[in-house]
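Just need the whole structure built from these sequences, with the hints factored in.
2 protein chains.
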Amino acid sequence: MNRVIVDMDEVIADPMGEMISWYKEQYGLEIDYNKMLGGSWLKGFPVQHQDMIRERLMSEGFFRKLPVIKDSVRVLKEMNERYEIFIVSAATEFPNSLKDKMEWLFEHFPFFSWRQLVLCGDKKLVQGDYMIDDHVRNLRHFNGKKYLYTSAHNLDITDYERINNWQEAADIFL
Amino acid sequence: MNRVIVDMDEVIADPMGEMISWYKEQYGLEIDYNKMLGGSWLKGFPVQHQDMIRERLMSEGFFRKLPVIKDSVRVLKEMNERYEIFIVSAATEFPNSLKDKMEWLFEHFPFFSWRQLVLCGDKKLVQGDYMIDDHVRNLRHFNGKKYLYTSAHNLDITDYERINNWQEAADIFL
Numbered sequence: 017m018n019r020v021i022v023d024m025d026e027v028i029a030d031p032m033g034e035m036i037s038w039y040k041e042q043y044g045l046e047i048d049y050n051k052m053l054g055g056s057w058l059k060g061f062p063v064q065h066q067d068m069i070r071e072r073l074m075s076e077g078f079f080r081k082l083p084v085i086k087d088s089v090r091v092l093k094e095m096n097e098r099y100e101i102f103i104v105s106a107a108t109e110f111p112n113s114l115k116d117k118m119e120w121l122f123e124h125f126p127f128f129s130w131r132q133l134v135l136c137g138d139k140k141l142v143q144g145d146y147m148i149d150d151h152v153r154n155l156r157h158f159n160g161k162k163y164l165y166t167s168a169h170n171l172d173i174t175d176y177e178r179i180n181n182w183q184e185a186a187d188i189f190l
Numbered sequence: 017m018n019r020v021i022v023d024m025d026e027v028i029a030d031p032m033g034e035m036i037s038w039y040k041e042q043y044g045l046e047i048d049y050n051k052m053l054g055g056s057w058l059k060g061f062p063v064q065h066q067d068m069i070r071e072r073l074m075s076e077g078f079f080r081k082l083p084v085i086k087d088s089v090r091v092l093k094e095m096n097e098r099y100e101i102f103i104v105s106a107a108t109e110f111p112n113s114l115k116d117k118m119e120w121l122f123e124h125f126p127f128f129s130w131r132q133l134v135l136c137g138d139k140k141l142v143q144g145d146y147m148i149d150d151h152v153r154n155l156r157h158f159n160g161k162k163y164l165y166t167s168a169h170n171l172d173i174t175d176y177e178r179i180n181n182w183q184e185a186a187d188i189f190l
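Chains A and B, in that order, give the protein sequences.
Each residue of the first sequence is one higher than the one before, starting from 17 at the first, in this note's numbering.
Each residue of the second sequence is one higher than the one before, starting from 17 at the first, in this note's numbering.
Be aware that one or more of the hints could be misleading.
Note that identical chains are pooled: a pair holds if it fits in a single copy or bridges any two copies.
[What the hints assert, rightly or not] Listed next, the in silico DSSO-like pairs over lysine-lysine satisfying Cα-Cα at most 30 Å (straight line):
1) K93 - K140
2) K93 - K115
3) K162 - K140
4) K115 - K81
5) K115 - K59
6) K140 - K115
7) K140 - K161
The set of hints was computed from the structure by calculation and includes no laboratory data.
See below:
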């Protein structure tokens with residue numbers, strides 16, 4: 017079975033979307049999507065609030081209640097029958113997120129087992145046949161086929177093949 | 017820099033030793049080390065108490081207060097200057113252990129960063145030049161040089177090169 021490495025944030029879970037909805041409701045201010053280009057969606061928030069946003073990101077519970085990216089459950093459930101799937105999340109930067117991420121995954125994707133989850137800091141030690149990730153820094157060192165999952169912060173990247181949504185992933189993998 | 021994958025339990029942390037000390041104090045019963053052979057130190061405990069031992073292993077806090085394996089801090093501190101070290105722990109089977117393991121690591125090994133920790137279920141997707149682990153199931157799929165770190169449960173294994181203690185690791189790597 018071919019192995020597919022799937023990222024969590026901005027690929028199957030939506031911390032950026034959750035943060036933006038919350039922020040708009042709390043502050044009524046707009047997000048500058050152009051400032052996200054370069055890799056960090058935090059930079060789309062007004063400068064004076066970025067520390068607060070980061071703090072919220074670090075808090076216990078934040079990653080437990082995230083929205084699921086559209087169609088990811090349906091497509092990954094089917095992919096899980098045909099591929100060896102690993103969900104690999106660069107999570108150790110956020111110690112409070114570890115258990116939240118695990119519980120979130122098994123709530124929404126109950127067909128995955130604990131054997132299929134990897135919480136790490138750096139993805140360069142991961143090997144597989146395919147990787148789906150929204151960050152070039154994670155794809156760069158990968159030795160298999162790489163797909164950049166489209167997100168507001170990576171729209172300027174031109175040198176990677178893209179997956180724009182999970183229906184496209186289904187067209188490729190199923 | 018060559019990459020060294022180092023296991024946590026029974027290699028730098030000592031959950032088995034901690035559990036045995038606690039058990040002897042609580043129950044005054046002996047451990048049968050022969051029954052551990054085959055890979056699981058839980059089997060060394062009397063059958064009627066294995067569920068309780070497993071429950072204690074799953075409880076929050078257990079992995080936070082473990083003894084450190086002798087000389088591991090000193091040797092890994094020096095290795096960390098000359099190799100790319102990753103601490104890789106099969107931890108997702110124990111959701112309550114995730115944050116405990118992270119805090120434990122940074123308390124005792126403050127020279128490691130969050131980028132060097134991997135908490136996973138299955139180590140077969142990890143690649144590197146060297147792996148030090150007490151379980152054959154983790155070493156089996158590894159594509160680099162493998163070292164079996166000696167532990168009571170693996171004394172019957174003959175087909176792997178061994179590291180018996182961290183002084184021996186220093187002799188090999190430093």
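Go through the copies and call it for K93 and K115: within, between, both or neither, with a Cα cutoff of 30 Å. Intra 22 Å, inter 28 Å, cutoff 30 Å: intra and inter.
From the Cα coordinates, with 30 Å as the cut-off, is the pair K140 and K161 best called within, between, both, or neither? Close inside one copy (14 Å) and across copies (18 Å); limit 30 Å.
Cα distance capped at 30 Å. Does K140 pair with K115 within a copy, between copies, both, or neither? both (23 Å within a copy, 22 Å between copies)
Within, between, both or neither: how does the pair K162, K140 come out at a Cα-Cα threshold of 30 Å? both (13 Å within a copy, 19 Å between copies)
Copy assignment of K93 with K140, given that the CA separation must stay at most 30 Å: Cα proximity of K93 and K140: in one copy and across copies (26 Å, 22 Å).
Are the CA atoms of K115 and K81 at most 30 Å apart within a copy, between copies, both, or neither? both (12 Å within a copy, 19 Å between copies)
Within a copy, between copies, both or neither: where do K115 and K59 come within 30 Å Cα-Cα? Cα proximity of K115 and K59: in one copy and across copies (26 Å, 28 Å).
Against the hints set out earlier in the document, no violation occurs for any number.
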